[in-house]
Amino acid sequence: MLIIDDLLMLPITGFKSILRTLAKVAEEQYTDDGPLKEQLLHLQIELENGAITEEQYIEREAQILRDLREIQNRKRELAGLPPEEGTGLSGKVKEGSGVSLTWDPNNPHRDFEKR
Amino acid sequence: MDAAAPSAARSEAAIKPQQEGRYVYGVIEAKEAANFGKIGIGGMGETVYTVHHGDVAAVVSKTPVFIFDPTRENALAHEHVIETVMKSNTIIPMSFGTVFRTDDDIREVLKSIHSSLKDVLKQMAGKVEFGLKVTWDRDRVVEELKRENEEIHRFQHELTRKHLQSTYFARMQLGRMIDKALSERAADVVREIYDTLRSVCVASRDNKPIGDKMIMNAAFLIQKDRETEFDEAVNRIAQKSGDRLNFKYTGPWPPYNFVNIRLKLERGTAS
Numbered sequence: 001m002l003i004i005d006d007l008l009m010l011p012i013t014g015f016k017s018i019l020r021t022l023a024k025v026a027e028e029q030y031t032d033d034g035p036l037k038e039q040l041l042h043l044q045i046e047l048e049n050g051a052i053t054e055e056q057y058i059e060r061e062a063q064i065l066r067d068l069r070e071i072q073n074r075k076r077e078l079a080g081l082p083p084e085e086g087t088g089l090s091g092k093v094k095e096g097s098g099v100s101l102t103w104d105p106n107n108p109h110r111d112f113e114k115r
Numbered sequence: 001m002d003a004a005a006p007s008a009a010r011s012e013a014a015i016k017p018q019q020e021g022r023y024v025y026g027v028i029e030a031k032e033a034a035n036f037g038k039i040g041i042g043g044m045g046e047t048v049y050t051v052h053h054g055d056v057a058a059v060v061s062k063t064p065v066f067i068f069d070p071t072r073e074n075a076l077a078h079e080h081v082i083e084t085v086m087k088s089n090t091i092i093p094m095s096f097g098t099v100f101r102t103d104d105d106i107r108e109v110l111k112s113i114h115s116s117l118k119d120v121l122k123q124m125a126g127k128v129e130f131g132l133k134v135t136w137d138r139d140r141v142v143e144e145l146k147r148e149n150e151e152i153h154r155f156q157h158e159l160t161r162k163h164l165q166s167t168y169f170a171r172m173q174l175g176r177m178i179d180k181a182l183s184e185r186a187a188d189v190v191r192e193i194y195d196t197l198r199s200v201c202v203a204s205r206d207n208k209p210i211g212d213k214m215i216m217n218a219a220f221l222i223q224k225d226r227e228t229e230f231d232e233a234v235n236r237i238a239q240k241s242g243d244r245l246n247f248k249y250t251g252p253w254p255p256y257n258f259v260n261i262r263l264k265l266e267r268g269t270a271s
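Chains as they are written, first to last, in the numbering used here: chain A, 1 to 115; chain B, 1 to 271.
These are computed hints drawn from the structure, not numbers from a lab.
Among these hints, one or two may not hold up.
Claimed, not checked - Straight-line C-alpha distance at most 27 Å; calculated DSSO-like pairs for lysine-lysine:
1. K180/B <-> K114/A
2. K264/B <-> K37/A
3. K114/A <-> K240/B
4. K240/B <-> K208/B
5. K114/A <-> K213/B
Chain A on its own, in the form it takes in the complex:
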């Protein structure tokens, strides 16, 4: 695909490539659920600390979850899928599936040693 890739890349130079980058960034922010998930974690800590009441928690949690769902649907839309699948995991197991350790048994404290 080298030739085709090169040809495709040709017209996207200078200003056009900047526009494309801007579009990409906008799209990512539009579909990035990281900040919302972080908000949810913050909220849980506030509840545990007693900074907010259970009622306040439930109310704000509902709002964050609504926003999260919206982003998930937006992602699906961009991928050309209907808003919600809701059918569960199914079918043949593809390559790359499996379980692994997230740490190295020969260096089990790598995270802290790096600090």
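Position chain B against the provided structure of chain A, taking the given hints into account.
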């Protein structure tokens, strides 16, 4: 934990009652079918049972809903099942909200990744995870630093002498000095805690702290028979630090931070 509240996790999806999925909590080693009681997620009191392939089994319950929002209620129900299973088993936990279509789909997965499951189950046997979040009173530490940190103290003194406190540049510079001193002190504190716990645990993960009061957000993998020892070590540090630090110590958890499950299926992906 209150799993009896009859609220469906997702009302619009419940319109299709004839469809039924399988919520998967995790995988254990077990040849015989097991029943963990009517404690399934979703508030309907579904039975938690096992789906087998040879000597490994998924812990599951039926559900009319395929998408679970991570509400506190759902998260607690999920945790309660894991907790119950952990009393008698080593479990590889699935991510919250993993739903399969049928028992056969689950068997297919168990079969396909059997060897890696066995391997990780063996490595995790008799081990549990504990979480340790440490927070401090940031304002109080800043005040301490202003008094005790020579460089900051001198700089502030200088500002006062020259009546510069209110200039933007001076405040910026002081802010930077304080930030630097704060993160250095946080690193020292974390180092000290970690040094005390290191010898009592199998492995550790250093997650990103949440918010500006938290200085440590760690997970520790512990050999079950050393749990008391680890508890004591945590308590010792907590006592030693008095009210300077706040310790939030949780567990035992399944090894969420130490195991990674990746599933790519023809229809759907979960990790």
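>> Could you work out which of the previously given hints the structure breaks and list their numbers from low to high?
In response: none
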